[in-house]
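These protein sequences, in sequence, are chains A and B.
Under our numbering, the first residue of the first sequence carries the number 85, and numbering increases by one thereafter.
Under our numbering, the first residue of the second sequence carries the number 615, and numbering increases by one thereafter.
Don't read these hints as lab results, they were simulated from the structure.
All figures in this text were calculated on a predicted structure; none of them were measured in a lab.
Among these hints, one or two may not hold up.
Simulated pairs of lysine-lysine, DSS-like, Cα-Cα distance not exceeding 30 Å [said to hold, decoys possible]:
1. A:K157 - B:K642
2. B:K719 - A:K349
3. A:K402 - A:K157
Here's a subset of chain B near chain A, in silico, CB distances under 8 Å, partners left out [what the hints assert, rightly or not]:
4. A632
5. V634
6. T636
7. L637
8. K642
9. L643
10. D646
11. S648
12. R649
13. P657
14. E658
15. A681
16. E711
17. G713
We put the beta carbon where it would ideally sit given N, CA and C, even for glycine.
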Amino acid sequence: MSPSITHSSPVLADPRDGVAILEGNRTVAEQYGIPLAVLLEMTHRCPLQCGYCSNPVEMERASNELTTDEWKKVLTELAEIGVLQVHFSGGEPTVRKDLVELVQHASDVGLYSNLITSAVLLSKEKLEALADAGLSHIQISFQASDPVLANRIGGFRNGHARKLEAAGWAREVGLPLTVNAVMHRQNMHQLPEIIDMAVAMDADRIEVANVQYYGWALKNRASLMPSIEQIDEMTKVVEEAEARLKGILAIDFVIPDYYATRPKKCMGGWGRQFFNITPAGKILPCHAAETITDLNFESVRSNHSIAWIWQNSDAFNKYRGTGWMPEPCRSCAFKEQDYGGCRCQAFALTGSAGNTDPACSFSPLHDKIFKIAETEAAEGTNRYIYRNFAGGTLEPEENAHDA
Amino acid sequence: MNTAAAPAARRRMNVSEASVPTLARGAKLRFDESRQRWVLLVPERVMAPDDIAVEILQMCDGARAVAVIIDLLVEKYAAPREEIAADVIAMLQDLAESGFLVEAKS
Chain A
85 MSPSITHSSP VLADPRDGVA ILEGNRTVAE QYGIPLAVLL EMTHRCPLQC GYCSNPVEME
145 RASNELTTDE WKKVLTELAE IGVLQVHFSG GEPTVRKDLV ELVQHASDVG LYSNLITSAV
205 LLSKEKLEAL ADAGLSHIQI SFQASDPVLA NRIGGFRNGH ARKLEAAGWA REVGLPLTVN
265 AVMHRQNMHQ LPEIIDMAVA MDADRIEVAN VQYYGWALKN RASLMPSIEQ IDEMTKVVEE
325 AEARLKGILA IDFVIPDYYA TRPKKCMGGW GRQFFNITPA GKILPCHAAE TITDLNFESV
385 RSNHSIAWIW QNSDAFNKYR GTGWMPEPCR SCAFKEQDYG GCRCQAFALT GSAGNTDPAC
445 SFSPLHDKIF KIAETEAAEG TNRYIYRNFA GGTLEPEENA HDA
Chain B
615 MNTAAAPAAR RRMNVSEASV PTLARGAKLR FDESRQRWVL LVPERVMAPD DIAVEILQMC
675 DGARAVAVII DLLVEKYAAP REEIAADVIA MLQDLAESGF LVEAKS
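Whole structure, please, built from the sequences with the hints as guidance.
Spelled out as structure tokens, the structure:
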């Protein structure tokens with residue numbers, strides 16, 4: 085027996101896996117395999133108001149959300165074309181009254197389902213119903229370890245206590261649990277306690293994810309941006325915890341990229357291995373892609389199949405592969421490693437999604453972005469603009485001093 | 615802080631020949647028709663076990679002990695028992711530490 089048989093390797097990270105690439109000479113005549121997992125944004129409604137949310141500032145109203153039957157049709161179609169997992173997300177997916185029914189439908193058509201939730205609306209009965217419907221895993225967000233700070237960040241009274249209670253119930257009904265901790269300047273100092281909290285609640289996994297600056301988070305960047313010293317400290321905390329908690333708590337670490345030199349391989353490359361479906365049924369290459377306002381995204385409500393939209397729609401093909409790249413990407417040795425970084429970030433910071441992501445040190449804008457980050461980390465306001473359908477509400481000044 | 619040790623003890627499964635392993639609730643071994651291969655579905659990830667790993671995972675049914683699994687593999691593959699045992703235990707220990715494999719309740 086060779087050593088290689090004793091390991092199962094993750095395939096999600098390998099863009100070539102199950103993927104036939106027919107890359108022409110600077111054309112978009114490429115064929116991509118159907119992603120293994122798809123993110124379903126059931127709704128943009130959410131009782132929390134976190135300023136770091138990556139949802140678009142223009143949120144979808146409830147009246148425009150896909151109906152139960154439309155979501156069921158989507159789930160059936162996803163399973164048929166070879167998707168293996170779905171993430172029920174939002175907004176807050178549990179505001180949908182049909183969630184249990186949709187999880188059951190996902191199970192019926194053979195999909196593995198994850199629930200990505202704030203958990204503040206969950207009861208034990210609801211969790212039992214979800215588990216009975218075949219839910220395979222739950223991910224609960226936490227905003228801090230200290231309830232006062234956590235509730236301030238989420239803009240929701242008593243939310244932290246409800247989350248702890250729901251996490252306990254999730255474990256009681258036997259659901260594997262991931263803690264999602266979005267990290268930023270105002271909560272990074274609590275990371276060691278957040279990790280301890282995850283262990284104490286018997287979580288299997290924690291995602292320590294630095295804020296990615298799209299949508300609401302971009303609007304709130306000045307109140308979220310950490311200092312470079314904080315990032316270094318955070319990396320140490322994560323490394324120490326990984327060693328200490330091996331076999332107890334798995335840690336996934338999403339690093340911030342404003343201080344990086346190489347950009348992230350965002351989404352594994354545009355249109356290569358991921359898509360998501362918005363509350364109104366649009367199919368996007370990334371959950372933040374609607375922030376790119378000059379792209380048109382096709383919908384499951386159109387006459388096209390999901391597979392056709394993935395393969396053929398303009399929005400997916402526009403930034404696929406490397407043929408679209410300008411300099412400095414075009415002649416860069418790393419172009420097939422990072423695919424030019426993040427299109428949404430390029431759009432947000434340069435005005436064109438077709439530019440090199442300024443997180444890359446080869447971008448002409450890199451130094452400027454680095455300076456913005458440093459300045460905002462040192463001088464930015466602590467006041468959040470809370471996410472809501474009214475276009476955002478500035479936090480009262482007296483509350484922002486709690487940090 | 616030392617809140618850590620107690621609850622997570624369940625995942626400190628020490629795989630030995632006497633263990634009776636089974637897949638954890640969040641781990642599902644499934645044949646992927648569209649890609650024509652076996653996959654192990656776990657929280658927010660898809661793993662690609664190779665043929666022998668699949669064979670071993672199929673035998674982790676909550677009834678067979680690891681020793682029995684090893685014996686079956688020894689019969690099938692012409693390799694020394696110690697070698698096969700070490701490989702199987704290492705693989706299962708890995709999966710147990712990731713939380714994908716648990717001791718079957720007797």
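Hints versus structure:
Restraint check: the Cα-Cα separation between K157 of chain A and K642 of chain B comes to about 24 Å, which is no more than 30 Å; the hinted pair holds. Between the alpha carbons of K719 of chain B and K349 of chain A the distance comes to roughly 42 Å, so the proposed pair goes past 30 Å and is violated. The suggested pairing of K402 of chain A with K157 of chain A holds, with an alpha-carbon distance near 27 Å, which does not exceed 30 Å. Violation of the interface hint for A632 of chain B is found here, the shortest Cβ-Cβ separation to chain A being roughly 19 Å, above the 8 Å cut-off.
Because the closest C-beta pair between V634 of chain B and chain A is about 18 Å apart, greater than 8 Å, the hint is violated. The interface hint given for T636 of chain B is violated, since its Cβ lies 13 Å from the closest Cβ of chain A, which is over the 8 Å cut-off. The beta carbon of L637 of chain B comes no nearer than 11 Å to any beta carbon in chain A, farther than 8 Å, and the hint placing it at the interface is violated. Taking 8 Å as the C-beta contact cut-off toward chain A, the hint placing K642 of chain B at the interface holds, the least distance being around 6 Å.
Annotation: L643 of chain B was flagged as interfacial toward chain A, and the flag is violated, the nearest CB pair being 10 Å apart, outside 8 Å. Taking 8 Å as the C-beta contact cut-off toward chain A, the hint placing D646 of chain B at the interface holds, the least distance being around 6 Å. The beta carbon of S648 of chain B is positioned within 8 Å of a beta carbon in chain A (closest approach about 3 Å), and the interface hint is therefore held. A cut of 8 Å between beta carbons decides the hint on R649 of chain B: the least distance to chain A is about 5 Å, and the hint holds.
Because the smallest distance between the Cβ of P657 of chain B and any Cβ of chain A comes to about 4 Å, under 8 Å, the interface hint for this residue holds. Interface hint status for E658 of chain B: upheld, as the beta-carbon distance to the closest one in chain A is roughly 6 Å, under 8 Å. Hint status for A681 of chain B: violated, given a least beta-carbon distance of 17 Å to chain A, over 8 Å. With 8 Å as the threshold, the beta carbon of E711 of chain B comes within range of chain A, its nearest partner Cβ sitting at about 4 Å, so the hint holds.
About 4 Å separates the beta-carbon of G713 of chain B from the nearest beta-carbon of chain A, less than 8 Å, and the hint is met.
Hint check: violations occur at hints 2, 4, 5, 6, 7, 9 and 15; the rest are consistent with the structure.
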